[in-house]
Every structure is written in C-alpha cells, then in structure tokens.
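S.K.: All chains, full assembly: derive it from the sequences and hints.
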Amino acid sequence: MDISLKHTSLSCTHYKPGDDLGKLLAYVALAPILTIVYQFSKVYTRRDIHEGALLAGLVLEEAMARVLKQVMKHPRPATCKMLNICHSHGMPSSHTSMMFSYFTITTCLAFQLYSRRS
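If you're matching positions, the sequence shown starts at 71 in my numbering and goes up one per residue.
The hints are simulated quantities; they were obtained by calculation from the structure and are not laboratory data. Accuracy of the hints is not assured; some may be wrong.
Here are the computed lysine-lysine pairs in the BS3-like style, where the Cα-Cα straight-line distance is at most 27 Å [stated by the list, open to error]: (1) K139 - K151; (2) K93 - K151; (3) K151 - K86.
Pairwise CB distance ranges, derived in the manner of DEER restraints [claimed, not checked]: (4) P162 - Y108: 17 to 27 Å; (5) T176 - G88: 30 to 40 Å; (6) S185 - L91: 37 to 47 Å; (7) R187 - Y114: 23 to 33 Å; (8) D89 - H165: 15 to 25 Å; (9) G92 - G160: 18 to 28 Å; (10) L94 - I119: 33 to 43 Å; (11) P147 - A101: 15 to 25 Å; (12) F170 - A148: 24 to 34 Å; (13) G88 - S185: 42 to 52 Å; (14) P147 - L183: 39 to 49 Å; (15) D89 - L183: 35 to 45 Å.
Given the structure is predicted, the values throughout are model-derived calculations rather than measurements. Glycine residues also receive a C-beta, built at the ideal position from the N, C-alpha and C atoms.
M.R.: If you want it as structure tokens, here you go:
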C-alpha cells in the first residue's frame with residue numbers, strides 16, 4: 071500500500087493531497103502545541119498562580135503520558151509505516167490526554183468562578 075502524503079510545514083502532521091478534511095484535521099492536531107503556547111503566554115503576561123499551576127499540570131500530564139507509554143509499550147496501528155512514526159509506542163495518546171486534561175481543568179475553574187459570582 072503506497073500512498074503519498076503531504077505534511078504541514080509547521081509540524082509533521084500528514085494528510086492525503088486533495089483531502090480537505092484531512093488537511094483540516096492535520097491542523098487541528100496542532101491544538102496541544104497551540105494550547106501550551108497560549109498557556110505560557112497567559113502565565114507570562116498575567117503572572118497568576120492559577121495559570122502557572124495549569125501550565126505545570128499540562129507539562130506534568132505530558133511527562134506522565136510519556137512514562138505510561140514506556141511502561142505499557144502498546145504498539146502503534148499498522149498505518150504508522152505510512153507516517154514513519156513506528157519508532158515510538160502508541161498508547162496513551164499524548165494529544166488526547168493533554169486536551170482532556172486542559173478541558174477538565176478549565177471547566178472546573180470556570181465552574182469555580184461561576185459559583186463565586188452567584
């Protein structure tokens with residue numbers, strides 16, 4: 071199965087040429103990187119302890135996901151050969167766990183702020 075793939079220039083996310091949905095999802099896959107940059111800029115400009123704790127939590131979560139990958143050693147799907155990413159383990163997904171952590175923490179903070187205003 072020989073499929074040619076294009077990749078974004080910002081990072082190495084791949085998609086089939088002419089696949090608009092694939093191109094959109096390739097850019098959506100950059101959300102964790104943008105989340106870290108956004109959170110770092112919030113810490114830098116606001117110097118708020120909550121923002122710093124959230125950034126530290128995201129970095130800690132990423133480290134934990136990497137350790138779990140080494141412990142679990144779950145293989146990647148067969149399509150990893152197309153993307154040339156077979157050198158690392160597949161589960162848990164760093165992207166998924168980071169975005170879930172960010173969503174959960176920001177939702178809890180939003181509820182906390184909302185309850186203070188009520």
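S.K.: So if I understand the rule, the pair passes when the alpha-carbon distance is 27 Å or less; does K151 with K86 pass?
M.R.: Distance ~15 Å between K151 and K86 Cα, so the pair holds.
S.K.: Should the hint that P147 and L183 are 39 to 49 Å apart at their CB atoms be regarded as holding?
M.R.: holds, 40 Å
S.K.: So does P147 sit 15 to 25 Å from A101, Cβ to Cβ?
M.R.: holds, 21 Å
S.K.: Does the beta carbon distance between L94 and I119 stay inside 33 to 43 Å, or does it fall outside?
M.R.: holds, 36 Å
S.K.: With respect to the beta-carbon atoms only, verify the hint that P162 and Y108 lie 17 to 27 Å apart.
M.R.: Check passed, 23 Å falls within 17 to 27 Å.
S.K.: Does the Cβ pair D89, L183 satisfy 35 to 45 Å?
M.R.: holds, 40 Å
S.K.: Verify the CB-CB distance for G88 and S185 against the hinted window 42 to 52 Å.
M.R.: Distance hint for G88, S185 holds at roughly 49 Å.
S.K.: For the pair supplied as a hint, K139 and K151, is the alpha-carbon distance within the 27 Å limit?
M.R.: holds, 19 Å
S.K.: Is 23 to 33 Å right for how far apart the beta carbons of R187 and Y114 are?
M.R.: Holds, at about 27 Å.
S.K.: Using the beta carbons of F170 and A148, state whether their distance is inside 24 to 34 Å or not.
M.R.: Given range 24 to 34 Å: holds, Cβ gap about 25 Å.
S.K.: Can you tell me whether the CB distance of S185 to L91 sits inside 37 to 47 Å?
M.R.: Holds, at about 39 Å.
S.K.: Do the Cβ positions of G92 and G160 conform to the proposed distance bound of 18 to 28 Å?
M.R.: Check passed, 20 Å falls within 18 to 28 Å.
Checked against the numbered hints given earlier, this structure breaks none of them.
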